[in-house]
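S.K.: With the sequences and hints as input, model every part of the structure.
This is what each chain is made of:
There are 2 protein chains.
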Amino acid sequence: MTPAMADDTQKPETADYVLTHTMLRIKDPARSLPFYTEVLGMRLVTRLDFDEARFSLYFLQAGGHADRADGSLAQTFSRAGLLELTHNWGSEGDDTAMHSGNEAPKGYGHICIAVPDIAAACARFDRLGVPFRKRLGEGGMKEIAFIEDPDGYWIEIVQPDLMDALLAGHHTKT
Amino acid sequence: MTPAMADDTQKPETADYVLTHTMLRIKDPARSLPFYTEVLGMRLVTRLDFDEARFSLYFLQAGGHADRADGSLAQTFSRAGLLELTHNWGSEGDDTAMHSGNEAPKGYGHICIAVPDIAAACARFDRLGVPFRKRLGEGGMKEIAFIEDPDGYWIEIVQPDLMDALLAGHHTKT
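Quick mapping for you: the protein sequence lines, in order, are chains A and U.
The opening position of the first sequence corresponds to residue -17 in the numbering used here, with each subsequent residue numbered one higher.
The opening position of the second sequence corresponds to residue -17 in the numbering used here, with each subsequent residue numbered one higher.
Treat the hints as calculated values from the structure; they're not laboratory data.
One or more hints might be untrue.
Identical chains share a label here; the pair holds if one copy fits it or two copies do between them.
[As the list claims (entries may be wrong)] Here are the simulated lysine-lysine pairs, DSSO-like style, with alpha carbons at most 27 Å apart: (1) Lys88 / Lys(-7); (2) Lys88 / Lys116; (3) Lys116 / Lys(-7); (4) Lys124 / Lys88.
M.R.: Right, dumping it as structure tokens:
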């Protein structure tokens, strides 16, 4: 047990902090929005267009059971677990690639989507033509998959109820 | 209104998908864990050490009101809005920097923490010696701040109830 894990008492200063979103830059919303909304089933809860600065923000939430947005930015900026996609206008016209974080120099790795049935999810991704970085059955952890979004960002796909058995032989949990 | 925003009916195939975590590589848990747990008040819910492959994973959750973990990985991999820090053993000994995503070639941008009182939060970060990318009062959006984590990743700090007024003059919401 690490000191941090033993810390049952949160400081009052940080007790209400919320991890609200993760921001990724995208080249082209015309390809990224269908990917996140149709392939991954996220809901576009807020879109903001900044005309002067020439960029747009798209806030997406996973899962069909999310509360409907009330339209306020107070809500968009307080909800846990959103994805923010930033589109700098005109970037769809240049041919430089986004840095996925997974080539040197590395940094950011991926987002992870939990699905109730990973075999069904991966079969569907295949039918939809989604590129895989790692398919089910490949590598050391056969029941985890990685797909790529239209900019090449990695997305881990897991089925939570498989994870205890899957990782049991691989690690020490402290 | 975009087609995606009009889509009130989620597909059954993706209705239970959850955006569970965002993964960032870190150089040294001895500096990153105190930052995320003490400065930002996150709780370390799961630590996994992979002895053979020589890496560790740290799953952190923001907010003092989070349910306590039951110790299962099924739970760790199904909760929304976690942060996963990946430490490849030995990386604390090399002097290459992580790619923050915010220098060319760009990609990943930041995570965002919502706080109830941003002035108090930023004053506390200052007292704790946290580096700022952008302080309150600077730039076009004066009531948003950006701090840096120990690897140089950007962290946006917002106070949700200020966001509607703050962004009102800057964008078109569609």
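S.K.: If a hint holds in the structure, say so; if it does not, say that too.
M.R.: Hint check:
| no. | hint | verdict |
| --- | --- | --- |
| 1 | Lys88 / Lys(-7) | neither (33 Å within a copy, 35 Å between copies) |
| 2 | Lys88 / Lys116 | both (18 Å within a copy, 24 Å between copies) |
| 3 | Lys116 / Lys(-7) | between (40 Å within a copy, 25 Å between copies) |
| 4 | Lys124 / Lys88 | within (24 Å within a copy, 31 Å between copies) |
In this structure, only the earlier hint numbered 1 is contradicted, and the remaining ones agree with it.
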